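Student: Sequence:
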Amino acid sequence: YDIKQRVIEALTTTCSHAILFSTVNVEKDAVRIANELQISISTVYKTLTNLEKLSLIEIQRFNISDEGKKIKMYRSRIKKADISINQNESEVLLYSNKY
16 YDIKQRVIEA
26 LTTTCSHAIL
36 FSTVNVEKDA
46 VRIANELQIS
56 ISTVYKTLTN
66 LEKLSLIEIQ
76 RFNISDEGKK
86 IKMYRSRIKK
96 ADISINQNES
106 EVLLYSNKY
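Each residue of the sequence shown is one higher than the last, beginning at 16 in my numbering.
These are computed hints drawn from the structure, not numbers from a lab.
All of these numbers come straight from a predicted model, not from anything done at the bench.
Cβ coordinates follow ideal geometry from the N, Cα and C atoms, glycine included.
Wrong hints could be hidden among the right ones.
Unchecked claim - So the derived label-pair ranges between C-beta atoms look like this:
#	residue 1	residue 2	range
1	Ile79	Gln102	49 to 57 Å
2	Lys19	Ile56	23 to 31 Å
3	Glu24	Ser111	17 to 25 Å
4	Lys94	Glu24	17 to 25 Å
5	Gln102	Ser57	32 to 40 Å
6	Thr58	Ile79	22 to 30 Å
7	Ser57	Ile100	29 to 37 Å
Work out the full structure: start from the sequences and follow the hints.
Tutor: Below you can see the structure in the form of C-alpha cells.
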C-alpha cells in the first residue's frame, strides 16, 4: 500500500468518513464522537489513531477532566476530498479545513 491508497481507504470507509466529517466544524473528544455517531468507543479510538497517522485529523488541544485526566480534542484537517480513479491511476485531492 502506498500512502495514497491508505488515504483513499480511510476516506471511503464508513466509520473513518463519518468521524472525519463530524469534526470539520467542531473539535470533539472520542467519547462525544462515539455517542453522536453510535459507534463503539474502541472503534473510534482505532479509527482516530489511523486518521492521525495519515494526517487527516489532528489533536486541536487537550481538556482536563474533573478527575484530572487529559482528554484529546480532535478536529478534521480536511473539509472536502475528491477521489478519481481512471484505469490503474488514482488521484486524491484534499481540501484543507482552514478554521
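Student: Indicate, hint by hint, whether the structure satisfies it.
Tutor: Results of checking the hints against the structure:
Taking 49 to 57 Å as the suggested C-beta distance range, the pair isoleucine 79 and glutamine 102 conforms, at roughly 52 Å. Between lysine 19 and isoleucine 56 the Cβ separation comes to about 30 Å, which falls inside the hinted range of 23 to 31 Å. Checked against the given bound of 17 to 25 Å, the beta carbons of glutamate 24 and serine 111, roughly 21 Å apart, stay inside it. Take lysine 94 and glutamate 24: their Cβ atoms lie about 20 Å apart, and the range 17 to 25 Å holds.
Between glutamine 102 and serine 57 the beta carbons are some 38 Å apart, a value that agrees with the proposed interval 32 to 40 Å. At roughly 25 Å, the beta carbons of threonine 58 and isoleucine 79 sit within the given window of 22 to 30 Å. The hinted range of 29 to 37 Å is satisfied by serine 57 and isoleucine 100, whose Cβ atoms lie roughly 31 Å apart.
Violated hints for the displayed structure: none, as all numbered hints are satisfied.
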